[in-house]
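> The sequence shown: position 200 = 200 (UniProt numbering), numbered continuously.
These are calculated hints, taken from the structure and not from any lab test.
Heads up, the beta-carbon is just placed ideally off N, CA and C, and yes, glycines get one too.
A couple of the hints might just be wrong.
Claimed, not checked - Keeping only pairs whose Cα atoms sit at most 30 Å apart, straight-line, the calculated BS3-like set for lysine-lysine is: (1) LYS86 x LYS130; (2) LYS208 x LYS60; (3) LYS60 x LYS85; (4) LYS85 x LYS130; (5) LYS8 x LYS60; (6) LYS129 x LYS8; (7) LYS60 x LYS86; (8) LYS23 x LYS8; (9) LYS130 x LYS173; (10) LYS101 x LYS138; (11) LYS130 x LYS208; (12) LYS85 x LYS129; (13) LYS101 x LYS85; (14) LYS85 x LYS138; (15) LYS129 x LYS208; (16) LYS86 x LYS28; (17) LYS23 x LYS60; (18) LYS208 x LYS85; (19) LYS101 x LYS86; (20) LYS130 x LYS8; (21) LYS173 x LYS101.
Said to hold, decoys possible - Simulated restraints on C-beta separations: (22) GLN202 x GLN68: 34 to 44 Å; (23) LYS173 x ARG16: 30 to 40 Å; (24) HIS52 x TYR6: 21 to 31 Å; (25) LYS173 x ASP36: 34 to 44 Å.
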Amino acid sequence: MEVSNYIKMRDQMQERFLTYDQKEIEGKYGFAFDDDYFYVPYLFEEWRVNRHTGVVEGSKDHFLHVHQGSFNETLTIFDLLCCGKKEIVLAGTYARTNSLKGTIKGRTIASGVHDSRAARYDGHVEQLKKACVSLSGKPYSPGDAAFVFHVFPFLPLVFQFWESDEEFPPVLKFMWDENVLDYLRFETLYYVMGDFLDALDQAFDACKTEA
């Protein structure tokens, strides 16, 4: 079976990780580590990075069962460990993805990138709220369904959704701590949002089934 370019790039990143000084990564942001792994909670799973191979693995049962990280998951965790500032200094205030300090005004990766997800949730706001609660989201305002989650234990992410009305289509937005680019690159934020929405979709489908 042909290996995708994303898998090839993920594997290259694993090899590159081994070139970093792992002593500088030990204990970064208070994450646990041992002789074999760095442990990094990311979104809704436990993750670990093999110190000898660079392979990133996720688990939902304390590593009794594991699966290898995707390109998005692997890059995001490496971005934080290898490139993020050593000390955590959050602003405590939020900004939209394209309005963060240090970005070019109006810069965006793709216009309307979340439109299909917004349309999917439209008319199902109660199920969406239940899905957010099931993922340990904390209520936020404004928004018809708005919650705060954590990408990493110290790094919050705000999810906001507004249903459509007679004049406007449904709207889905994200906000980040204004200092997030000290820890993740701008492009990586889109990988995180994609991973978050994939997990939210699963929870949303489960809540719709229960309803």
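> The structure should be examined with respect to each hint, and the outcome stated for every one.
Against the structure, the hints:
A threshold of 30 Å between alpha carbons decides the hint, and for LYS86 with LYS130 the separation of about 36 Å lies outside it, so the pair is violated. Restraint check for LYS208 and LYS60: satisfied, since their Cα atoms lie roughly 22 Å apart, inside the 30 Å limit. A distance of roughly 28 Å separates the Cα atoms of LYS60 and LYS85; the hinted pair therefore holds under the 30 Å criterion. With a C-alpha separation of about 35 Å, the suggested pairing of LYS85 with LYS130 is violated against the 30 Å cut-off.
Our distance criterion of 30 Å between C-alpha atoms is met by LYS8 and LYS60, whose separation comes to about 25 Å. Restraint check for LYS129 and LYS8: the C-alpha separation of about 37 Å exceeds 30 Å, so the hint is violated. Annotation: proposed proximity of LYS60 to LYS86 holds, straight-line Cα distance about 27 Å (limit 30 Å). Only pairs whose Cα atoms come within 30 Å are accepted, and LYS23 paired with LYS8 is accepted, the gap being roughly 27 Å.
Of the supplied pair hints, the one linking LYS130 and LYS173 holds, its CA atoms being roughly 18 Å apart against a limit of 30 Å. With a C-alpha separation of about 25 Å, the suggested pairing of LYS101 with LYS138 holds against the 30 Å cut-off. Of the supplied pair hints, the one linking LYS130 and LYS208 holds, its CA atoms being roughly 9 Å apart against a limit of 30 Å. A distance of roughly 34 Å separates the Cα atoms of LYS85 and LYS129; the hinted pair therefore is violated under the 30 Å criterion.
Between the alpha carbons of LYS101 and LYS85 the distance comes to roughly 16 Å, so the proposed pair stays at or under 30 Å and holds. Note on LYS85 and LYS138: the hinted pairing holds, with a Cα-Cα distance of about 27 Å set against a maximum of 30 Å. The suggested pairing of LYS129 with LYS208 holds, with an alpha-carbon distance near 11 Å, which does not exceed 30 Å. Restraint check: the Cα-Cα separation between LYS86 and LYS28 comes to about 7 Å, which is no more than 30 Å; the hinted pair holds.
The straight-line distance between the Cα atoms of LYS23 and LYS60 is roughly 27 Å, inside the 30 Å bound, and the hint therefore holds. A threshold of 30 Å between alpha carbons decides the hint, and for LYS208 with LYS85 the separation of about 41 Å lies outside it, so the pair is violated. As the CA atoms of LYS101 and LYS86 are separated by approximately 19 Å, the hinted pair is consistent with the 30 Å bound. Distance check on the hinted pair: LYS130 and LYS8 sit about 37 Å apart at the alpha-carbon level, beyond 30 Å; violated.
Proximity of LYS173 to LYS101 is assessed by CA-CA distance (about 18 Å); at most 30 Å being required, the pair is judged to hold. Checked against the given bound of 34 to 44 Å, the beta carbons of GLN202 and GLN68, roughly 19 Å apart, lie outside it. Look at LYS173 against ARG16: about 33 Å separates their beta carbons, and that is inside 30 to 40 Å. Between HIS52 and TYR6 the Cβ separation comes to about 23 Å, which falls inside the hinted range of 21 to 31 Å.
Checked against the hint of 34 to 44 Å, the C-beta distance between LYS173 and ASP36 comes to roughly 40 Å, which is consistent with it.
When each numbered hint is compared with the structure, violations occur for hints 1, 4, 6, 12, 18, 20 and 22.
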